[in-house]
Each structure stands twice: as structure tokens, then as C-alpha cells.
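The task is simple: from the sequences and hints, build the whole structure.
Here the protein sequences line up with chains F and S, keeping their order.
Note that my numbering has the first sequence beginning at 1, numbered continuously upward.
Note that my numbering has the second sequence beginning at 1, numbered continuously upward.
It is worth saying that the hints were derived from the structure and are not from the lab.
A portion of the hints provided could be inaccurate.
[What the hints assert, rightly or not] Below 16 Å or equal to it, Euclidean Cα-Cα: the simulated EDC-like pairs (lysine to aspartate or glutamate) are:
| no. | chain 1 | residue 1 | chain 2 | residue 2 |
| --- | --- | --- | --- | --- |
| 1 | S | K102 | S | D126 |
| 2 | S | K51 | F | E26 |
| 3 | F | K280 | F | D250 |
| 4 | S | K49 | F | E26 |
| 5 | F | K212 | F | D183 |
| 6 | S | K51 | F | D27 |
| 7 | F | K401 | F | E194 |
| 8 | S | K157 | S | E127 |
| 9 | S | K49 | F | D276 |
| 10 | F | K290 | F | D183 |
| 11 | S | K51 | F | D28 |
| 12 | F | K248 | F | E194 |
| 13 | S | K51 | F | E35 |
| 14 | S | K157 | F | D14 |
| 15 | S | K51 | S | D93 |
| 16 | S | K49 | F | D27 |
| 17 | S | K162 | S | D123 |
[To be verified] Quick look at which bits of chain F chain S covers, simulated, 3 or more residues with Cβ under 8 Å:
| no. | segment |
| --- | --- |
| 18 | 203 to 212 |
| 19 | 227 to 240 |
Even glycine gets a Cβ: it sits at the ideal position worked out from N, Cα and C.
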Amino acid sequence: MHDPPNYWYNIVPDLPRPLPPPRDPEDDYIFSRIEILPKLFPSELLDQEFTAERYVQIPAEVLDSYRRIGRPTPLARAVRLERFLDTPAKIYFKREDLSPAGSHKVNTALAQAYYAKKENIQMLTTETSAGQWGSALAYACAMFNIKCLVFMTRSSYLQKPYRKTLMKLYGAEVLPSPSDCTDVGRNLLKERPEHPGSLGIAISEAVETCMKNEGVKYAIGSVMNFVLLHQTVIGLETMKQLEEIGEKPDIMVGCVGGGSNFAGFIFPFVGKRLRDGEFKDTRFIGVESKASPKMTEGKYVYEHGDTAGYLPMLKMYTVGRNYVPPPIHAAGLRYHAVAPTLSLLIREGLIETAAYTQEEVLDAARTFARVEGIIPAPETSHAIKQVIIEAQQCRRRNLQKTIVFCFSGHGLLDLSIFEEHTE
Amino acid sequence: MHDFLPGTSKERVLMVYLTAGDPCVNGNIINILSESGVDAFEFGIPMAKPKYDGLVIKASYRRALENGATLEKIFQFMRDLNLDHKIIFTYFDYAKNIGIEKFMSYVQNAGAEGVLFPDLLIDYLDELDKYIEICKQCSLEPIFFITSSFPHNLIIKLARLKPAFIYLGLMASTGTLLPITISRNIRIIRGLIGDTPLLVGFAISKPSQIMDCVRAGADGVIIGSAIIRLISQEERGSAFRENLRNYIISLKRALEA
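In C-alpha cells form, the structure reads like this:
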């Protein structure tokens, strides 16, 4: 495969039942979160959010930017892991870690920066905690020559200096949140000057910045349909790459925070299954952290996409936006809900789910690092844990299954986790 | 109901949504609207917790409830109106609480031709057959509400059920304009439903939007928040009636252009 696909795949028209629309809180007669969406997001992204099209063309400039980050990314075979596990299963993994910022997040960051630039937006702002999303957006803004302002939770800002450095190297302004640049931040700092911050506060600061400044829009790393749409470039490439080597996936695995890498990875396959029955025996497994078990223990209800409640309510599996997960290293998996389309498919029984603790997945990460020589992000390690379990199952039953997983990001900027847990 | 819909009549349809029981909705206003060219009316039943309504219609519900609107009064009001074509808009949740059969018989008695439940296919897809069955029993026309996020297979199936019309909600909530390419979405839906009558609504207020909708394949439009905004102004001024009349005429003209 020499070139990335020239369209994204929208699963919405193929879902087994209608996707519940975004909603405002029923009893709020004053403020509509749906009404402010155009203040927050570039127009073309909102258009994609509600499109009835099955295929959305990727603009030439975005396609070029995808080529620049190395798309199509390789589909590698984990031969040494297969041997190490002594399994008859074949294990493939999609290398989303190879992008300059180190994860799949850049697939949507580039699209969001492109549309922002096209609409003459001067600056994109966002929040980040682990830093994967912030780094991807900083990179994308650099590529499309627009300003980037990242509110980084103060605790991460202090504990993850290299992420901050990376974003700054790309030219982004990085502020510890709460900051003194917004009303929300100033009020909190007045009460507590060393406030550690939270993702919810950082989102509130980014949203306030958009609302108060013309030419500034908000960028979002998961959950919205358009984010998942952009990520389908992963699955579309994987499908073609598997075809080229004559493989059919029996099991597909990905980690789930908001669900964007997993959805982007499997939706093209799920869509074919829904349309014409292909891949009907493929198992799709989403793996979450036990620290935020929305898929395995959450409820399927309307909830705000953000902790602050500035965004409309979406129908999702969620542990509730006020749920405070324990501090884990896979911060990307601490999110409180799963994207609406993915939630609907889980509800309909098309997708299996699993949850693991941090200790369980770190062992899997160590194994992978030693035998394959690639350091997975703590988030990605959740998928690896599941893959190892499936491969061992295959050994026990002597099954020659083809397992494919999304290697969503590398862990080279999260090494402290291994230090703490290796000693 | 088919008699005012495309394919069987000369004109495209201009439908207006009003909240029943809202004090600014009265016989006078309805007469002006009818005389200026409104073909059909959709009456909403006010409720405290609407799912898909924007701020304008929410405020209208509130006025109606504060004005002491009850289901009995609303149906009486509808019975008294001398209108050719009227339908009811309410949530399936609400009708379920009353009992679907009972609710639909009230609708029939009020002289309405059908009920549009915007949440039927979203939250109660399994009750689709039941809805159609009860429509038949009560001599009401089935009407389906869909959005651009509906599965294409389901939309095709709905068209085969021969509804009076399919109502495409163009935006995420009533009266709330988002930068969505509505002509593209209408064209795609039209491609799925053949010549099933298609009315579109949500945040339509301008003649230019109506022209876009019709060009893309809509057979008519439903205007709600824009009219309610006009008729609920506290200071109506002397030119109010004339302005309302001219506004409807401009919409009608766009529809037939």
C-alpha cells in the first residue's frame, strides 16, 4: 500500500439503529449548549458531525499532511511475541506510534487544524493532561501555521516537563491550568494558588477562551463523530493492508479512552459487517482501564461530553462526568465516557469489552518492550494485555487465529511509569 | 392528508409549527397565517422537559404551561379550529404515559390527521409496528421523523411503509442553526426514499434556505421557531399583522419559485 485512502468512512448511516442526537439539558430554558457549538468548532467539522454521507472526501492538503507523518503507517507482524507466547495465532499491529507526536491523535489534529486554517481561524485551543492530545494538536497547528494554546493540568505540567517541552518546540503556548488567563482560572487560583487542576477545569478554560475571543476555536481529541471519522484512516489502511497479505482478522483489539483510536481502527470492518455481512465472525474487543470502567460498569445514558458541562449531552456509556478516577499513568483512558457511535454498537452487542488494572497492563507492556523492542504508551498497553490473553487462549486450544491490534502510541515520554513500577 | 401533498396536488407545502396553549397562539393569528398561504399546521403539546427543542420553543412551552394549558383544553382548541390540515407534535414518552391507544383516539377526535413523534424511532424503534397499527385503527396517517444521522436501511424501510410524509429534522434541535450543508443531506435522503413526500424543518427562517431545500428535493418546509419568535414579541406594533403576512408570503414565494 503506497498511499493513504482519499476518504474517511462515516459509520453513522450504517448503524443498526438511529444515533440518538445531542441534547441540551431538558430543564435548562436559558442556555443552549447546542447553540454555542458554532462558537467552539470550525463550521466544516460541525457539518461532518451531522453529515448523512457514508464517505467523506479527505481534502488534498490533509492527505499531504498524512503522507508527511508517514501514512499509510505500517501494519507490522509481532513474530517475536508470537514465538515468545508459543502461540499458533498470528499477531499484527498497526503502527500509529510512528507519527512525529507519537500517537494516532495526530490523524484528527491535522484535519481540525486544516479546517480551522481554511476558515481563517487564528488559534486553536485545547486541554491536555497526559499530553498526547496536546502534542498532536501542537504539531498539527505548526504544520498549518496557526497558533495553538494548550491548557495543561498543573499537576501534569509539573510532572511531565518533556511533554510541555515538546508542545513548546512545536510553537504552542502551554499554560498550567488553572491559569490566570481566564475567569475560571483566576477564581480558582485566588482560592488556592497551587491548585493542581483537572481536565474539567482545563476544558472550561479552553472553552472560555473561545467564547471570549473572535478567531479562536476549540479542538477536541475524542468523542465527537467527526473525530472518529478522521480516525477511520487507521482502519481503512489496515483493511487494505490485510487484503494485500491475504489475511482476514479474527480478533481486533484496541484501547478505549473516549474511543477514537479503537473506533477508527474497527469501524470500516464493522461497517462492512453491517452492510453486507463480511467480517461477521470477527470479534471486536475494546479494552479500558479499571480506573474508569465506563464500558464494563457504566450506564448508557445522556451525559455531557466534558466534565464542565459546556458541551451538549450525548448518549453514551459513562461513569458520570463527576466521577474522579484514581490517578493512573494511562491518563488517556481516564475519560468518563465512550463516544456515542461506539456506545451504540456496544449496546447492540457488536463489540466486546474488557477492563484491566494498571499493574496488569504494565506487565504486558514490559513483555512487548522486551520481545518486540517497541515501548508502548500506557494506554496502548491495555490492548496488548488483551492480545496476549487471546494469543494464550489460541495456544491452549491450538487455534490459528489472526489477531490485529491498534498500537495507538509509544511510551517514550511516559518512561517514569516504568521506573516507578520496575524497581 | 395526501391530498395536499406533492404528487397529488399542484403546490409544495408550507407547514407552520405552533405550541398549542401558548397565549400568543390564537384564532386570529392562525387566520392570518392561513390567509397568507400556510397550507398545514403542526401543533405541539407543551411539556416541562422536551428532548429536542431549542430555546424559542422551550419558552413557548413554558408560556403555555404557565397559562394553564391542559391536554383537554388543547384538544378542544384544535377541534374548534376550522383548518383543513393539522397534525400533532409530541414526544412518544408523553403519549406512552397517557397510553398510546388512548392518546391516539384523542388525536382522532380532535380532527388531526396524524401525530409526529420525534423520539419514536430514536428511543422506541421496537414500537414502530405498534405505532403503525394504532394509526390504522384510528384512521390516522403515519408520519416519521428522521435526522441526517439515521441509518440508510431504516430510512428505506420507512419509505416502503407509505407514510403521509417523512419529516427530516435538519438540525440537532428546533430553531438552532448550525453550519450543516442541508442541501447535501436532503439530496441523500431523497435518494433513499423515492417519491415519498419529504418535509424538512428545524431552524428554517429565510426564503433562501427554503429555495435550497426545495432544489435539493424537499416537498415542503416546516417553520416553527421563526414564527413563534415573531408572534411572541411583547411590543407587536401597528405593522405586526402586515409584517407577519408579508413574511409568510415571502416564504411561500420561495417555496414555489
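Structure-based check of each hint:
A hinted pair counts as satisfied when its Cα atoms are at most 16 Å apart, and S/K102 with S/D126 does not qualify at roughly 19 Å. For the given pair, S/K51 sits about 6 Å from F/E26 by alpha-carbon distance, which is consistent with the 16 Å threshold. Between the alpha carbons of F/K280 and F/D250 the distance comes to roughly 10 Å, so the proposed pair stays at or under 16 Å and holds. The hinted pair formed by S/K49 and F/E26 meets the criterion: a straight-line CA distance of about 5 Å does not exceed 16 Å.
With a C-alpha separation of about 11 Å, the suggested pairing of F/K212 with F/D183 holds against the 16 Å cut-off. Between the alpha carbons of S/K51 and F/D27 the distance comes to roughly 9 Å, so the proposed pair stays at or under 16 Å and holds. As the CA atoms of F/K401 and F/E194 are separated by approximately 52 Å, the hinted pair breaks the 16 Å bound. Under the criterion of a C-alpha separation no larger than 16 Å, the hint pairing S/K157 with S/E127 is consistent with the structure, at around 15 Å.
The straight-line distance between the Cα atoms of S/K49 and F/D276 is roughly 40 Å, outside the 16 Å bound, and the hint therefore fails. Of the supplied pair hints, the one linking F/K290 and F/D183 is violated, its CA atoms being roughly 34 Å apart against a limit of 16 Å. A threshold of 16 Å between alpha carbons decides the hint, and for S/K51 with F/D28 the separation of about 11 Å falls inside it, so the pair holds. Straight-line distance between C-alpha atoms of F/K248 and F/E194 comes to about 53 Å, which puts the hinted pair past the 16 Å bound.
For the hint pairing S/K51 with F/E35, the CA-to-CA distance comes to about 15 Å; that is within 16 Å, so the pair holds. At roughly 14 Å between alpha-carbon atoms, S/K157 and F/D14 fall within 16 Å of each other, so this suggested pair holds. The suggested pairing of S/K51 with S/D93 holds, with an alpha-carbon distance near 10 Å, which does not exceed 16 Å. Straight-line distance between C-alpha atoms of S/K49 and F/D27 comes to about 6 Å, which keeps the hinted pair within the 16 Å bound.
Of the supplied pair hints, the one linking S/K162 and S/D123 is violated, its CA atoms being roughly 21 Å apart against a limit of 16 Å. Here's how the segment 203 to 212 of chain F fares: 0 of its residues keep a CB closer than 8 Å to some CB of chain S, so the rule of at least three is not met and the hint is violated. With 0 residues carrying a beta carbon less than 8 Å from a beta carbon of chain S, the segment 227 to 240 of chain F misses the three-residue requirement, and the given coverage is violated.
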